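J.: Protein chains in written order, with this note's numbering: chain X, 139 to 574; chain A, 226 to 517.
These are calculated hints, taken from the structure and not from any lab test.
Being a predicted model, the structure only gives us computed values, none of them experimental.
The beta carbon of each residue, even a glycine, is placed where N, CA and C say it ideally should be.
Treat each hint with caution, since some may be false.
Unchecked claim - Calculated cross-link-like contacts (lysine-lysine; reagent style DSS-like; alpha-carbon spacing at most 25 Å):
hint, chain 1, residue 1, chain 2, residue 2
1, A, Lys-286, X, Lys-567
2, X, Lys-200, X, Lys-567
3, A, Lys-286, X, Lys-570
4, A, Lys-354, X, Lys-320
5, X, Lys-410, X, Lys-549
6, A, Lys-286, X, Lys-555
7, X, Lys-549, A, Lys-292
8, X, Lys-555, X, Lys-385
9, X, Lys-226, X, Lys-570
10, X, Lys-410, A, Lys-292
11, A, Lys-286, X, Lys-385
12, X, Lys-549, A, Lys-324
13, X, Lys-387, A, Lys-292
14, X, Lys-410, X, Lys-385
15, A, Lys-286, X, Lys-367
16, A, Lys-292, X, Lys-555
17, A, Lys-354, X, Lys-549
18, X, Lys-180, X, Lys-549
19, X, Lys-567, A, Lys-354
Claimed, not checked - Anything over 12 Å on all C-beta distances counts as not near chain A; from chain X, calculated:
hint, residue
20, Gly-178
21, Asp-210
22, Glu-250
23, Thr-308
24, Lys-366
25, Glu-376
26, Thr-396
27, Glu-405
28, Glu-467
29, Glu-505
30, Ala-517
31, Thr-519
32, Lys-538
33, Leu-547
34, Lys-549
35, Asp-564
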Amino acid sequence: MKKKALTRGIAAVLSTALLGSALITGCGKSDEKETKTSEGGKISALLIQSQNNDGLQRMFEKLEEEENIKVDAQVIPDDQYLNILQMKQASGELPDIIQYNIPHLYNYLDPETELYDFSDEAWVDELLQPEVSQVDGKQYGFPLKANSGYQCFLYNKDFFEENNLSIPETTEEFDALCQQIKEMGVSPILLASDAWVPQIWMTNGYARALGSDEAAVEMTEAVLNGEKKFSDYPEMAEVIDNLLDIKEKGYFNDDIATLSWDDAWVELSDQKGAMLMGEAFMIPSNQAMFPDTRFGVFNVPLPFDEKDQISISSYTSGFAAGKDSENIEMVKKMFAAFATPDYLNLYFEDAPGLPAFEGVEGGELPEDILELYQKHMDAGTYVTEMNLHWGSIEPVFSEKLWTYYLEALTKGNMDGKAVLDNFQADVEKYLKENAM
Amino acid sequence: MIKKKHGGYPFWLSIPAIAVYSVFVIIPIVMSLVLAFTDWNVNRWTSPSFAGLTSFIEILKDPVFMKSLFNNFLYAIATTVLKVVFGLALALALVKPFKGNTIFRTIFYLPCVLSMTVIGVLFTAILAKNGLLNNLLEMLHLTSFQREWLGQYGTAMTWIILIESWMWAGFNMFVFISGLQAIPRDYYEAASTEGASRIKQFTSITLPLIMPAITVNVTLNVAGGMKVFDIIYVLTNGGPGTDTQVLSTYGFKAFSLGYLGESSAASIILTILVIIVSFALNGFFRKREVEL
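Here chain A stands alone, though its shape is the one from the complex (with noise of 0.2 Å):
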C-alpha cells in the first residue's frame, strides 16, 4: 500500500508527451535511418528498393559533403570554446551583487533570445561591402582591412562562428552562474587563510567545482553546434559557393534536389555524430566532476 502511494504519478499522465514525442522525434528518425539505405527519392515516393549503403558511398565520394562535415568539427568546437571561454568570463564578473548587476545579465542574455532572422537581417547589414563595419573602419582610417567579409570563406566562416559565440555566451553565463553560486564561500574563506592566490582559488576550487555547469554547457554546445542549420541559412546560405555548407545544409540541398535517400543518410550521419560526441564529451567531463 505504502509502496503505491508513494509510486509517483501514473503512467497515463505520461502518454500524450510520449505520443507526440514519438511522432515527431522517434518516427522520422527510424524512417530517416530505413530510408537512407533505400534509392527513396520524390519519383519514387512510394516505392522506394532497397539499396544498401549506395546513398552513404555518394555522399562520402562528394568533395562537398566531406567539406561540410569539416566545417561542422571546425564550427562545433570554435564556438563551444568561445562561448565557454566568454561565459565563464561573464559569470565570474557578474555572479557577485553589484548595483547594476541583473541589467548586465539580462543585457548579455538577450541575443539569445533574438529571432535568427533578425540576426541575419542585423549582421548581412553590418557585414556588406557598404555596411557598417566597412564604414567604421574608413571612420578609423583603417581602409586597408575593409574586406567583402561574408564573401571569403575565412572572414565568412569566423564571422558565423563569432555571431554564434556571441549569441549564447550569455545562456552559457546563466548555467555557469547557477555553478559558480553553489560553491560555498567557506572554501574560499580557508583558502585566503591559507594563502592562496586568486589564481590558484580559481583552479583548485572554482574550476573542479563547476565542473558539471561546464560538462552541460560544452555537451549542449557541442551538440548544438553539429546541428546548426539556421545561421549558416541566413548569413551566407552555405556560400560563397559550397565554402560554409554543413552536414544540416548539405541535407537540405540534397532534399531539395529530391534526394531524399541522400538526405535522409547526410541526416544519419549527422546524427550518429552529434550521439557519439555528445557522449564522449559528457563521458570525458563527468569522469572530472568533484562532489560537493
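Just chain X, same shape as in the assembly (with noise of 0.2 Å):
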C-alpha cells in the first residue's frame, strides 16, 4: 500500500510539474503570438507558377525581415490556376492577395463586389499607367509591371549578322529569308511543343486580321452572345492557315510535338534556329541565360495584316485583394511597401523590364525593343492580342483551343476552319455549362 501510495505520489507531482510547464510555456506562446499579431502576421497569397517568382521572394523575405509580415504562398502551376481560384471563390476561401495579370483577373473577379478598392493609398498617385490596373477610375489592383509587353519575333542577332540576313518588311522578303536560312540546314523559325507557345501566332494573328481592337470586342461579343460563329469571320482561319503553310514549307523544327520552350531558346542560342515567335520581355531574362548570345526583336510581317501592327499582350502582372481579407490592413502595409523601388527593385533584379512605379528599376532594357514599341505607340499601329478579348473563357481556350492547334500543327488533321469549328462547339458547351 506503501509503495502505491508513493507511486501515487510522485504521478501526482510529476503530472502538476507538466501541467504547470505546460501552462507556462503556453502562456509564453500566447505572449509570442501577442506581441507578433501586434508588429506584424500572415498574409495568404495566392501564386501563378511561371512569374517571376524568385524576385517576388526576395520581396516576401525583405518584408519579414522588415514588417514582419510573412506571406503564406501557395504557388499553383499555370494551367490549374484559374480553376483554383474560381473554386476558392466559390467555397469563399479567396486568400488575402490574387496574383495574375490585373486586366485578365477582372474577368473573373468582379472588381466593385470581390475586389478591395485601394484608390485612397498613397500610391495610386505614383502610378505610370494607372488606367491600366484601374476599373472606372477605381484602383483594384496592384500591379507590378507597366503594360507594355508586345508579341513579335525574337531572333538570334549574331547569326543574322553573320550571314549578312536582314530584318524582313514584306511577306516576300519573310519567305525568302526562311528559305535562305532553310537552305543552310538551320531551322528558320522554332516552334516548341508547350501549349502556350504556338497560341502566340493566334492571339497575334486574329488581332491582327481584325484589324482593331473595336473589331475583336465586336467579334467576341457576337460569338460570345451566339449571334455569330467563329466561321463567320474566315480571317480568323487564315491565320491558322497561314501558320500550317509555314509549317508546310518546312520552315519550322521538324520535332514541334516535343521541343521544350527552354530548349527551343537554347537551340535559338545554338544557332540551330533563328526566329522564334514570343514576347518581347522574354529577351531580358533569357539574354542573361545566354550572355554570349545577343537577340533581338521584329515585327513579323503577315499576309493579313497590311498594315503591320504590333499586338499589344496588355500583361500586367500583379495582385488584387478580396474585399473582405481579414488582414487587409496588413496589406496595405506590403502594398505600400511594394510600391517603393527598395522593393521593387529586388523584382527586376534578373529580369528586366517596365516596372508599374516611378523611380523603380527595371534593369537595362535593349534598346530596340523599346524602339519598335516606340515605333508603333506613335503610328498608332497597335492591337490588343486576342486572348485579353477572350477573357471570359479563358479555361476552355487554354485547354481546347491550344491543343488543337498543336494536333492541326502535328499530325495535320485540321485545318482552320476544323480548328475553329471544333472550338465553336466547345465554346457553345463551355457557355451553357456557365449559365448561371
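Could you fit the two chains together into a complex? Lean on the hints.
T.: Rendered as C-alpha cells:
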C-alpha cells in the first residue's frame, strides 16, 4: 500500500509539474503570438507558377524581415490557376492577395463586389499607367509591371549578322529569308510543344487580321452572345492556315511535338534555329541565361495584316486583394512597401522589365525592344492580343483550342476552319455549362 | 470468458484508421457518385442540380473519352503482360542463391522506388530529338531508326508502356520469388526422378503452384494500369494532342475546364471498370490456384 501511495504521489507531482510547465510554455507562446500579431502577421497569397517567383520571394523575405509580415503563398501551376481561383471564390475561401494579370483577373472576380478598392492609397499617385489596372477610375489591383508587353519575332542577332541576313519588311522578304535559312540547314523558325507557345501566333494573328480592337471586341461579343460563329470570320481561319502553310514549307523545326520552350531558346542561342515567336520582354531574362548570344526583335510581316501592326499583350502582372480579407491592413502595408524602389527593384533584379511605379530600376532593356514599341505607339499601329478579349472563356481556349493548334501542326488533321469549328462547339458547351 | 480473451483487439483501435479511410476515400467516392448525376461545376459550387445521366452521355459522346478508354485498356493489358513475364523471368533467374544475388534483386527493384518526376525528366531527356537514344542510334549508323519518340502516338504509347513495365517488373519479381520459394523442393526431385524435363516441371509444377502470386500480380497490375495518371502526365501530358490521354488525365482535363460533373462521371466510370476488371481477373485466377 505504501508503495502504491508513493507511486501515486510521484505521479501527482510529475503531473503537476508537467501541467505547470505546459501552462507556462502555453502562456509564453500566447504572449509571443500576441506580440507578433501586433507587429505583423501572416498574409495568405495565391501565386501563379510561371511568374517571376524569385523576384517575389526576395520581396517577401524583405517584407518579413522589415515589417514582420509573412506571406504564406500557395503556388499553382498555370493551367490549374483559374480553376483553383474560381473554386476558392465559389467556396468563399479567397486568400488575402491574388496574383494574376490584373486586366484578366477582372474577368473572373467582379472588382466592385469582390475586390478591395485601393484608390485612396498613396502609391496610386506613383503609378505610371494607372488606367491599365483601374476600372471606372478605381484602383482594384496592385501592378508590378507597366503594360508594355508585345508579341514579335525574337531572333539571333549574331546569326543574322554573320550570314548577312536582313530583317524582312514584307511577306515576300520573310518567305525568302526563311527559305535562305532553311537551305543553310538551320531551322528558320523554332516552335515549341508547350501548349501556350503556338497559340502566340494566333492571339497575335487574330487581332492583327481583324484590324482593330473595336473589331475584335465586336467579334467576341457576337460569338459569345451566340449571334455569330467563328466561321463567320474567315480571316481567323486564315491566320491558322498561314501557320500551317509555314509548317508545310518546312520552315519550322521538325520536332514541334516534343521541343520544350526552354530547349527552343537553347537552340536559338546555338544557332540551330534562327527565330521564334514570343514576347519582347522575354529577351532580358533569356539574355541573362545566354550572355554570349545577342538577341533582337522585329515584327513579323503577315499576309493578312497590311497595316503591319504589333499586338500588345496587355500584361500587367500584379496583385488584387479580396474585399473581405481580414488582413486588409497588413495588405495595405505590404503594397505601400512594394511600391517603393527598395522593394520593387528586387523584382526586376534578374528579370528586367518596365516597372509600374516611378523611380524603380527596371533593369537594362535592349534598345531595339523599346524602339520597336515606340515606333508602333507613335504610328498608332497596334492592337490588343485576342486572348485579352476572350478573358471570360480562358479555361476553354487554353485547354481545348491550344490543343487543337498543336494537333493541327503535328498531325495535320485539321485546317483553320476545322480547328475553329471544333472550338465553336467547345465554346457553346462552356457557355451552356457556365450559364448561371 | 474464453471467447472474450481470444476475441481479438477491441474495435475502438480501428476507429482512427476507419476515420482516415472514410474521410479520404469513402466520402469522396460517395460524393463523386452523387455529383456525377448533377450539373456541378465551379459556378454552381454550392447549388448543383440533378441532371440525370447528362454528364455520362456527354463524355460518352466525346471521341477523346473513347480514345482514352481504349488507351486505358491497351496500357493496362500491355503493361500487365510485360510486368508479369519479365517479373517471372527475373524471379526464376534470381530465386536460386548465388553470389551477388541480393545485388541483382536490389538493382531490378530499384526503378520502382524512383520518383515519377525523376523518371519523367530522365526519359524525356533520353527520348528527345537530340536525346541519348537518337544519339546512340547515330553512333551505331542507324539514323533511319531515329524518331521523335514522344511526338507520335505509336512510339509515345510504346515507350510509356515499356517505361512502366521497366519500373514495376522488379516488384513483380519479388512477389514471384516468394511464391517460388514456397514450393517444396521434393516436387522437383520427384519429377526429375520420373524423368520430367525442365519445361514439363515448369508447366506442371511451378506455374500451377505460383498461381496465387500470378493472381496478386495480375490483379495489382491491371488495377494500377487502369488508374494510370502520373507517367502519362510527366512524359506526354496526354499528347501529342490528345493521343495518349487515359481516363484519369481525361477527368483531370475536365476538372481543369470546371466541368466537375463530367470529371466525376469519368472517375465513376473508371472506378466501376477497375472494380469489375479486378474482381473478374481475381475470380479467374483464383479458380486456377492449387493448394500446396
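J.: Has the given pair, A/Lys-286 with X/Lys-570, been kept, meaning a C-alpha gap of at most 25 Å?
T.: 17 Å, holds
J.: Mind verifying the non-interface call on X/Ala-517? Its CB should be farther than 12 Å from each CB in chain A.
T.: 40 Å, holds
J.: Minimum C-beta separation from X/Asp-210 to chain A exceeding 12 Å: can you confirm that?
T.: The assertion about X/Asp-210 holds, with a minimum of 23 Å to chain A.
J.: Can we confirm that no CB of chain A comes within 12 Å of the CB of X/Lys-538?
T.: Its Cβ does come within 12 Å of chain A, the nearest being 8 Å, so this is violated.
J.: Taking the closest pair, is the beta carbon of X/Leu-547 still more than 12 Å from chain A?
T.: The claim is violated: X/Leu-547 sits with its nearest Cβ about 9 Å from chain A, within 12 Å.
J.: Just want to verify: X/Thr-396 was marked as not at the interface with chain A; is every Cβ pair farther apart than 12 Å?
T.: 5 Å, violated
J.: Take a quick look at whether A/Lys-354 and X/Lys-549 sit within 25 Å of each other, Cα to Cα.
T.: 17 Å, holds
J.: At 12 Å, judged by beta carbons, does X/Glu-467 keep clear of chain A as stated?
T.: Given a closest Cβ separation of 29 Å, the condition holds.
J.: Need the status of pair A/Lys-292, X/Lys-555: alpha-carbon distance at most 25 Å?
T.: 23 Å, holds
J.: Does X/Lys-385 lie within 25 Å of A/Lys-286 when you go C-alpha to C-alpha?
T.: 32 Å, violated
J.: Can you confirm whether the C-alpha distance between A/Lys-286 and X/Lys-367 stays at or below 25 Å?
T.: 22 Å, holds
J.: Need the status of pair X/Lys-180, X/Lys-549: alpha-carbon distance at most 25 Å?
T.: Judged against 25 Å, a Cα distance of about 50 Å means the pair is violated.
The structure shown violates the earlier hints numbered 2, 10, 11, 12, 13, 18, 19, 26, 27, 32, 33, 34 and 35.
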